[in-house]
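Participant: Sequence:
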Amino acid sequence: MPEYNKTPEDYGITSKVRIALKVHAETENLLSGMKVGTENGTVHLMGKVPTQKDKDAAERIARSVPDVTSLKNELEVGS
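Numbering of the sequence shown is given in our numbering, commencing with residue 300 and proceeding in unit increments.
Calculated directly from the structure, the hints in this document are not laboratory data.
Any given hint might turn out to be false.
[What the hints assert, rightly or not] Between beta-carbon pairs, the in silico distance windows are:
hint, residue 1, residue 2, range
1, Thr-306, Thr-350, 25 to 35 angstroms
2, Glu-308, Gly-377, 27 to 37 angstroms
3, Pro-307, Thr-350, 16 to 26 angstroms
4, Gln-351, Pro-307, 27 to 37 angstroms
5, Ile-318, Thr-368, 10 to 20 angstroms
6, Pro-307, Gly-377, 27 to 37 angstroms
7, Lys-352, Pro-307, 26 to 36 angstroms
8, Lys-371, Ser-314, 17 to 27 angstroms
9, Thr-350, Lys-321, 10 to 20 angstroms
10, Val-376, Pro-307, 25 to 35 angstroms
11, Glu-308, Lys-334, 12 to 22 angstroms
12, Val-322, Gly-346, 13 to 23 angstroms
[Said to hold, decoys possible] In the DSSO-like style, the derived pairs of lysine-lysine whose C-alpha atoms are separated by at most 27 angstroms in a straight line are:
hint, residue 1, residue 2
13, Lys-321, Lys-334
14, Lys-305, Lys-347
15, Lys-321, Lys-371
16, Lys-305, Lys-371
17, Lys-347, Lys-315
18, Lys-371, Lys-352
19, Lys-347, Lys-321
20, Lys-352, Lys-315
21, Lys-371, Lys-347
22, Lys-315, Lys-371
23, Lys-305, Lys-352
24, Lys-352, Lys-334
25, Lys-315, Lys-334
26, Lys-334, Lys-347
27, Lys-334, Lys-371
Predicted model, so just to flag it, every value in this text is computed and none were measured.
Beta carbons: idealized from backbone N, C-alpha and C, even for Gly.
Take these sequences, add in the hints, and give me the full structure.
Facilitator: Shown next, in the form of structure tokens:
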């Protein structure tokens, strides 16, 4: 796995994305199966989620976080 959070700004973006996913009703229970990392403003979502709807919701919410310049959604769907 690549090393993420290379800059203080990246750490901040990762924290904001994790908080956004935790407080949103659609994704609040998904973080245990996910890893969130940021490198140069690009957020990476990795891990497993139960459904495609969950994957799409995680991406939508992460993209809405300020300072996210791009997003790579590498989440796998399945149990």
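Participant: Decide, hint by hint, whether the structure agrees.
Facilitator: Here is how each hint holds up against the structure:
no.: 1; hint: Thr-306 x Thr-350: 25 to 35 angstroms; result: holds (33 angstroms)
no.: 2; hint: Glu-308 x Gly-377: 27 to 37 angstroms; result: holds (33 angstroms)
no.: 3; hint: Pro-307 x Thr-350: 16 to 26 angstroms; result: violated (35 angstroms)
no.: 4; hint: Gln-351 x Pro-307: 27 to 37 angstroms; result: holds (34 angstroms)
no.: 5; hint: Ile-318 x Thr-368: 10 to 20 angstroms; result: holds (18 angstroms)
no.: 6; hint: Pro-307 x Gly-377: 27 to 37 angstroms; result: holds (35 angstroms)
no.: 7; hint: Lys-352 x Pro-307: 26 to 36 angstroms; result: holds (34 angstroms)
no.: 8; hint: Lys-371 x Ser-314: 17 to 27 angstroms; result: holds (18 angstroms)
no.: 9; hint: Thr-350 x Lys-321: 10 to 20 angstroms; result: holds (19 angstroms)
no.: 10; hint: Val-376 x Pro-307: 25 to 35 angstroms; result: holds (33 angstroms)
no.: 11; hint: Glu-308 x Lys-334: 12 to 22 angstroms; result: holds (19 angstroms)
no.: 12; hint: Val-322 x Gly-346: 13 to 23 angstroms; result: holds (19 angstroms)
no.: 13; hint: Lys-321 x Lys-334; result: holds (13 angstroms)
no.: 14; hint: Lys-305 x Lys-347; result: holds (24 angstroms)
no.: 15; hint: Lys-321 x Lys-371; result: holds (19 angstroms)
no.: 16; hint: Lys-305 x Lys-371; result: holds (17 angstroms)
no.: 17; hint: Lys-347 x Lys-315; result: holds (20 angstroms)
no.: 18; hint: Lys-371 x Lys-352; result: holds (16 angstroms)
no.: 19; hint: Lys-347 x Lys-321; result: holds (16 angstroms)
no.: 20; hint: Lys-352 x Lys-315; result: holds (21 angstroms)
no.: 21; hint: Lys-371 x Lys-347; result: holds (14 angstroms)
no.: 22; hint: Lys-315 x Lys-371; result: holds (16 angstroms)
no.: 23; hint: Lys-305 x Lys-352; result: violated (30 angstroms)
no.: 24; hint: Lys-352 x Lys-334; result: holds (18 angstroms)
no.: 25; hint: Lys-315 x Lys-334; result: holds (13 angstroms)
no.: 26; hint: Lys-334 x Lys-347; result: holds (9 angstroms)
no.: 27; hint: Lys-334 x Lys-371; result: holds (12 angstroms)
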